[in-house]
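Per this note's numbering, the sequence shown starts with residue 50, numbered consecutively.
Just so you know, these hints were derived from the structure itself, not from any lab. No residue lacks a Cβ here, since even glycine has one placed at the ideal position from N, Cα and C. Watch out, some of these pointers could steer you wrong.
[Unchecked claim] Ranges of calculated distance between the beta carbons of each label pair, as one might list FRET restraints:
id, residue 1, residue 2, range
1, Asn107, Ser132, 42 to 50 angstroms
2, Gly183, Ala128, 13 to 21 angstroms
3, Gln161, Gln111, 22 to 30 angstroms
4, His158, Asn107, 17 to 25 angstroms
5, Gly129, Arg67, 51 to 59 angstroms
6, Gln108, Glu179, 27 to 35 angstroms
7, Glu179, His133, 14 to 22 angstroms
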Amino acid sequence: MGPGSETGSARGRVIIRRMMMKRLGLSLVLLMSLLLLSVGVAWAGPGSVRGTVYLDVNQNGQRDEGEVGVPGVYVTISAGEYSHTYYTGDDGTYAPIPLPGGMWHITLHLPQGYKATTPTELDVYLPEGEAALGNDFGIYGSGQIQYPYGIGGGAPSTLPQTGTPEGAQLPLVGLLLLGLGVIILVGTPLALQPIRLRQR
50 MGPGSETGSA
60 RGRVIIRRMM
70 MKRLGLSLVL
80 LMSLLLLSVG
90 VAWAGPGSVR
100 GTVYLDVNQN
110 GQRDEGEVGV
120 PGVYVTISAG
130 EYSHTYYTGD
140 DGTYAPIPLP
150 GGMWHITLHL
160 PQGYKATTPT
170 ELDVYLPEGE
180 AALGNDFGIY
190 GSGQIQYPYG
200 IGGGAPSTLP
210 QTGTPEGAQL
220 PLVGLLLLGL
230 GVIILVGTPL
240 ALQPIRLRQR
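With the sequences and hints as input, model every part of the structure.
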């Protein structure tokens, strides 16, 4: 076997090594994109159940213009073994952390000195990854609501002034990761296509 054969064999090994490295790199990129997609789906999947507890001044069971939200009122969200109690924010709204899709039961806990002008329990279907809005409760009375008033059974989850919990931004992060995963998954093979053409 001559020097030319040895040189050709060495070049062949180098080419094979380079091809294996590129395939390994592509495999790692695809694995990362699939990981981002799975994390994105997990974070973007949950939705939220939202509503307002308002002061129904005319007691007609509907929220009319000028009827303000009532802060510090407890609302329980439950389904199966899951049950958690929140209290409304300064604008009377409640919105628990992102929830998976399905049927959810909402219970209003009336403050002392108030009566309900709407049903105090609601069954709400939450589509996966969406928001079920308008689950409002009307109350009327003259009692002073301590913020928050106590119902026992442990401390509730607190909401900031908007009534939206800090965990509500997770679906947005999930959508961003989902988009990044799609870009990597689709863009990487397209970016490597010219290299493959040149190799041929």
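Could you tell me which of the numbered hints above are not met by this structure, giving the numbers in increasing order?
Going through the list in order, the structure violates hint 1 alone and respects the others.
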